[in-house]
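Student: Sequence:
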Amino acid sequence: MSLLKFGSKVTALLTCSLILTGCDEATDKPITPTNIDSNSQSATQHSLNLSMFKKGAFLSEPNIVDCETAQGTKTKCYELITSGAPAGREPGPFCPRTATDGADVTGSWFSKEGTGDLVDLTGQFILKLDEYYGDEKWVLYDTKTNKIRYTATKESCSGAARPDVEEQYKQNCIECELSYLEDNFSLTYLIPVTPIPAKSSGRLRTVGIALDGTELSGPAPINAILGSYTIAAFDDCGGHINLHQGYHYHSTTGCTNSDDTEDGHAPLIGYAIDGYGIYAMRDASGKEESLDECRGNTDATRGYHYHAASPSENMFIGCLHGQSVRPAGGPPGDHQGPPPGNSPDKH
54 MSLLKFGSKV TALLTCSLIL TGCDEATDKP ITPTNIDSNS QSATQHSLNL
104 SMFKKGAFLS EPNIVDCETA QGTKTKCYEL ITSGAPAGRE PGPFCPRTAT
154 DGADVTGSWF SKEGTGDLVD LTGQFILKLD EYYGDEKWVL YDTKTNKIRY
204 TATKESCSGA ARPDVEEQYK QNCIECELSY LEDNFSLTYL IPVTPIPAKS
254 SGRLRTVGIA LDGTELSGPA PINAILGSYT IAAFDDCGGH INLHQGYHYH
304 STTGCTNSDD TEDGHAPLIG YAIDGYGIYA MRDASGKEES LDECRGNTDA
354 TRGYHYHAAS PSENMFIGCL HGQSVRPAGG PPGDHQGPPP GNSPDKH
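Counting from 1, position 225 in the sequence shown corresponds to residue 278 in this note's numbering; the numbering is continuous, with no gaps.
None of these hints come from the bench; they were simulated from the model. Values in this document were obtained by computation on a predicted structure and should not be read as measured data. For each residue, glycine too, the CB sits at the ideal point set by N, CA and C. Be a bit skeptical, because a hint or two may be false.
[Said to hold, decoys possible] Per label pair, the in silico range of CB-to-CB distance: (1) K252 - A353: 41 to 51 Å; (2) L344 - K197: 27 to 37 Å; (3) E143 - E166: 29 to 39 Å.
[What the hints assert, rightly or not] In silico lysine-lysine, DSS-like type, Cα no more than 30 Å apart, as pairs: (4) K207 - K165; (5) K207 - K197; (6) K108 - K129.
Using the sequences and the hints given, assemble the complete structure.
Tutor: Pasting the structure below:
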């Protein structure tokens, strides 16, 4: 999420350089950005393959522009402009409405253990949050009717989806709608054509971009969310909406996966802001690879690349292996959050 700061029209400058490898709704024909020499790019292993993004991922045809990394390296970047909505599907559902709402009509949330799959955000789960977190103050429902309290308006979405939750919006399940975004809302990602290894690993804010054109976000501020007695509901794909970032992911559950690979390697889900590909956690046989501190490794086919963490770890990758474009990306005031297993500050 980063259910955080809100703005009107947004430009998030991100870095990436890519080798996108497939998705179930890829464009019928490869998109050829303007002012690019396709012959020179075809020989580059990590060149961006735009045809692997889902159809409708971009608002306009990608372009090549001059850019500069935070470390001062001048390079070329793809300029990708998106709408803040996942291409090919409608987000949701998110919060339950009543105590009887089951997993088929509700979304998901981080497991309190901070690892493994997301938990189903059913009506019964909401009713038992006091037991789940061991804190009797949790009451996100009307005790007389068992109806769940949720943010049903743009105003309540804006008031609750932020680190300093307004008092009247505490004890709510938070959900927002794409219709709440400003007219002509857009996000612009700058993605280096070729990744540039950094001398030391870099800090993460915004992680990158998914194959459906939406943001792979940095850690959600779990302590702020739970400390305000709110649940920032995800849909079953591990994403949600705020007014600053539109729809964005905090977990990967398979919704953005590319097609299966011929060699059985884990499918691609998107790209980090430094340009290296991010792949699913496990390969076709269910195995995990040996990874470095950034959750990356190297093979002959993909070069250096990352593997995403489990859905409830509140992270995709551990750090950046490559240089990121100036500015480093992510919305202004973006907050880091600890893993969901950490106890929230009580108040």
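Student: Compare the structure with each hint and give your call.
Tutor: Evaluation of the provided hints:
The hinted window of 41 to 51 Å between K252 and A353 is violated, with their beta carbons roughly 24 Å apart. In this structure the hint that L344 and K197 lie 27 to 37 Å apart at CB is violated, the actual value being about 50 Å. Distance hint for E143 and E166: a CB-CB separation of about 30 Å, consistent with the stated range 29 to 39 Å. Among the hinted pairs, K207 with K165 is consistent with the structure: their alpha-carbon atoms are about 28 Å apart, no more than 30 Å.
For a cut-off of 30 Å, the pair hint linking K207 to K197 stands: about 26 Å separates their Cα positions. For the hint linking K108 to K129, the alpha-carbon distance of about 24 Å falls within 30 Å, and the restraint holds.
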